[in-house]
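Asks: Read off the chains here:
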Amino acid sequence: MKIMNMMPSCREITEQASDYLNQDLSPWQRAAFRMHLLMCVYCRRHVKHLGLTVATLGKIASEEKARENDDIQQIIALIKRQQKESPEQKGGD
Amino acid sequence: MNQQLPSDNELIPRLLAHDETAYTQVVSAYHGLMVHLARAIVGPAIADEVAQEAWLAVIRALPRFERRSSLKTWILRIVSNTAKTRLRHESRTVSLEDAPGEQANTGANRFNASGRWASPPTVWHADTPDDLLASQELRTCIDTALRALPPLQRAALTLRDMQGLDMESICKVLEVSESNGRVLLHRARNRIHAAIEEFYLQ
Ligand SMILES: [Zn+2]
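Chains W and B, in that order, are what the protein sequence lines are. Take the first sequence: its letter number 87 is residue 87 in our numbering, and every next letter is one higher. Add 93 to a position in the second sequence, counting from 1, and you land on the number used in our numbering.
None of these hints come from the bench; they were simulated from the model. All residues carry an ideal CB built from backbone N, CA and C; glycine is no exception. There could be a bad hint or two in this list.
As the list claims (entries may be wrong) - Non-contacting residues of chain W with respect to chain B, defined by C-beta distances greater than 10 angstroms in every case (computed): (1) Ala-32; (2) Met-35; (3) Leu-38.
Claimed, not checked - Keeping only pairs whose Cα atoms sit at most 27 angstroms apart, straight-line, the calculated DSSO-like set for lysine-lysine is: (4) B/Lys-165 with W/Lys-84; (5) B/Lys-265 with B/Lys-165; (6) W/Lys-80 with B/Lys-165; (7) W/Lys-48 with B/Lys-165; (8) B/Lys-265 with B/Lys-177; (9) W/Lys-84 with B/Lys-265; (10) W/Lys-59 with W/Lys-48; (11) B/Lys-177 with B/Lys-165; (12) W/Lys-59 with B/Lys-165.
Build out the structure end to end from the sequences listed, making use of the hints.
Replies: Here is the structure:
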């Protein structure tokens with residue numbers, strides 16, 4: 001058995017890269033994936049860039065988080081109105 | 094989200110009893126996330142409206158909540174369904190997913206017949222998210238690519254890579270199979286990756 005035959009191709013690496021980053025590959029797939037990365041500079045670059053893409057999306061999201069709290073009171077008021085009208089209401093308010 | 098949210102077991106009876114403190118805790122913890130999910134599916138213009146509508150649906154449905162998933166997942170599924178319904182009403186032509194057979198830029202021409210790189214990835218002059226985001230032009234590219242994603246792809250990407258949910262919850266929220274969820278995320282990531290790649294190729 002030649003190890004090269006069991007190795008995923010570069011195309012397959014790009015297809016598995018997202019699952020690899022999610023740690024969703026089977027142990028065997030993961031081992032073969034890493035073996036390919038050891039030998040292939042382009043796939044190493046591709047996977048690194050995909051990881052950087054994911055990290056950048058997280059960074060963008062963390063920048064957005066600051067401006068969220070204004071709406072909370074408005075939603076609570078909406079919920080209270082709905083509960084007053086609701087026939088299922090058990091307790092008082 | 095910095096204050097500790099009580100467990101579902103503690104919260105649900107209090108919500109059913111219309112405990113305002115419990116509502117405030119739950120709204121504070123989940124409303125932002127709900128708006129992000131709504132925005133991913135229906136766009137920014139009506140996202141707040143969809144989130145409000147979803148809260149009312151949550152209140153109505155809570156007495157019948159069977160707790161087969163966490164409260165968070167259940168609430169987000171209501172948001173997802175509210176948003177999908179709105180989307181179908183607003184624009185019948187928009188597909189929630191890709192057209193059948195569409196392959197997002199893992200395009201055949203990048204590889205030769207034996208599956209090796211024919212046009213290898215370019216070098217990015219960046220090692221960290223901050224390096225990438227230092228360019229306003231690149232921010233705009235990423236933003237444009239995010240907006241161009243099909244709604245379910247954008248929802249999967251938002252929940253996983255921007256809001257940090259696990260894949261199992263995401264599949265429950267979006268009501269897709271596990272493999273379908275992984276494909277949605279894979280395609281969405283590839284499209285954002287391709288937008289950055291294109292930026293560096295220019
Ligand atoms: Zn390779």
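Asks: Which of the stated hints cannot be reconciled with the structure, identified by number in ascending sequence?
Replies: 7, 9
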